[in-house]
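Residue-level listing of the chains:
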Amino acid sequence: MEHHLVLSIVARILIPLIMLFALYVQFHGDYSPGGGFQAGVIFASSFILYGIIYGIENLREVVHPSFIRSLAALGVLIYISVGVVAILKGGEFLNYNLLSENSVTGQHIGIMLIELGVGITVASTMIILFYAFARP
Amino acid sequence: MIILYINIVLLCLLVITAIAINQQDNLFATTMLTGIFSLLSASLFVCLDAVDVAFTEAAVGAGIALILFLGTLSLIKYKKQIKNRVSTLGLLIVIITGSFLIYGLQDIPAFGKPENPVQIYLADRYIVESKKEIGIPNLVTSVLASYRGFDTLGEVTVIFTAGIGVLMLLGRSRHNYKGIVSREKP
Numbered sequence: 001m002e003h004h005l006v007l008s009i010v011a012r013i014l015i016p017l018i019m020l021f022a023l024y025v026q027f028h029g030d031y032s033p034g035g036g037f038q039a040g041v042i043f044a045s046s047f048i049l050y051g052i053i054y055g056i057e058n059l060r061e062v063v064h065p066s067f068i069r070s071l072a073a074l075g076v077l078i079y080i081s082v083g084v085v086a087i088l089k090g091g092e093f094l095n096y097n098l099l100s101e102n103s104v105t106g107q108h109i110g111i112m113l114i115e116l117g118v119g120i121t122v123a124s125t126m127i128i129l130f131y132a133f134a135r136p
Numbered sequence: 137m138i139i140l141y142i143n144i145v146l147l148c149l150l151v152i153t154a155i156a157i158n159q160q161d162n163l164f165a166t167t168m169l170t171g172i173f174s175l176l177s178a179s180l181f182v183c184l185d186a187v188d189v190a191f192t193e194a195a196v197g198a199g200i201a202l203i204l205f206l207g208t209l210s211l212i213k214y215k216k217q218i219k220n221r222v223s224t225l226g227l228l229i230v231i232i233t234g235s236f237l238i239y240g241l242q243d244i245p246a247f248g249k250p251e252n253p254v255q256i257y258l259a260d261r262y263i264v265e266s267k268k269e270i271g272i273p274n275l276v277t278s279v280l281a282s283y284r285g286f287d288t289l290g291e292v293t294v295i296f297t298a299g300i301g302v303l304m305l306l307g308r309s310r311h312n313y314k315g316i317v318s319r320e321k322p
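Residue numbers (my numbering), protein chains in the order written: chain E, 1 to 136; chain B, 137 to 322.
Calculated directly from the structure, the hints in this document are not laboratory data. Warning: the hint list may mix true and false statements.
Stated by the list, open to error - Stretches of chain B that chain E covers, calculated by requiring three or more beta carbons in the stretch to come under 8 Å of a beta carbon on chain E: (1) 194 to 202; (2) 277 to 288.
Claimed, not checked - Residues on chain B that point at chain E, a partial pick, calculated with CB under 7 Å: (3) Val187; (4) Asp188; (5) Phe191; (6) Thr208; (7) Gly271; (8) Ile272; (9) Pro273; (10) Val292; (11) Phe296; (12) Val302.
Note that beta-carbon positions come from the ideal geometry of N, C-alpha and C, so glycine has one too.
Pulled out of the complex, with its shape left as it was, chain E reads as follows (with noise of 0.2 Å):
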């Protein structure tokens, strides 16, 4: 849209960052308000402002739909693997503690990979709906 310069300049410097806060309430939702939720939809929104600003057929391009909808699956398989390994390395579902020999830092592993999986699923997902709401 050569229309909407200011639109379009603006977006341009603002989706990076917001691709990084996004990352940074990801990975800090350990030490500070956040997790994977947030980031998921935070993150969603910097490919929502480029659908919106540039067109929704210039963002298929960037990320196609089929790509997005086994993103989707893959962040709820990452949950679940986290805690099959828990059980093959012999404890229950989800029990981070036995992912390392320490337990706390089994612990840190667990929430993270968990977390990754939540924020690639409710990432993903927020793509979907928008690419099935939005008008071509």
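Fit chain B to the given chain E structure using the hints.
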């Protein structure tokens, strides 16, 4: 003390927004007011020290949900077709249900009391033990991701399923067979 006044102001604004949403005929204005409603409830959550919930409410309620509403509005006409009118039966049911709810409020424990059931059951254990067991400063994350990991798995699955449901209902028609587009531009 000042937090009490802030709470009162925010709750009054919430009620005003709710009434305004009810009075609107224009769906675009209703959507915008819904966003304001979400933002106000997010500020209420901040006052309640539930920063994580406020974060989610602001991002999802005032951000993404608003965008999805606007996307839907661009596909349909945004003037409400049905006129608002007062139905006597509906008013009666609402008044009776409301008075029962207010009557039921008297049994609810007072706000923020330390001896409330929600504070004495398990909360102490989380606060005392989670530093040792999990070692993460943000208690909300450790409850959400570790102690209640199975619940969170359910939540993620719900979001995933919702995405699949929307795809099954709406995803294909837009992409493969361009019914809506070609009808609008003959």
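Hints versus structure:
1. 194 to 202: holds (count 4)
2. 277 to 288: holds (count 8)
3. Val187: holds, 4 Å
4. Asp188: Status holds, d = 5 Å.
5. Phe191: holds, 5 Å
6. Thr208: Since the shortest Cβ distance to chain E is 6 Å, the answer is holds.
7. Gly271: Holds. Min distance 4 Å.
8. Ile272: Where the cut-off is 7 Å and the nearest Cβ of chain E is about 5 Å from Ile272 of chain B, the hint holds.
9. Pro273: Hint holds; Pro273 of chain B Cβ to chain E Cβ min 5 Å, cut 7 Å.
10. Val292: The hint holds - Val292 of chain B has a Cβ within 7 Å of chain E, the shortest such distance being about 5 Å.
11. Phe296: At about 5 Å, which falls below the 7 Å cut-off, the nearest Cβ of chain E leaves the hint on Phe296 of chain B intact, so it holds.
12. Val302: Constraint on Val302 of chain B satisfied, holds at 5 Å.
Hint compliance for this structure: no hint is broken.
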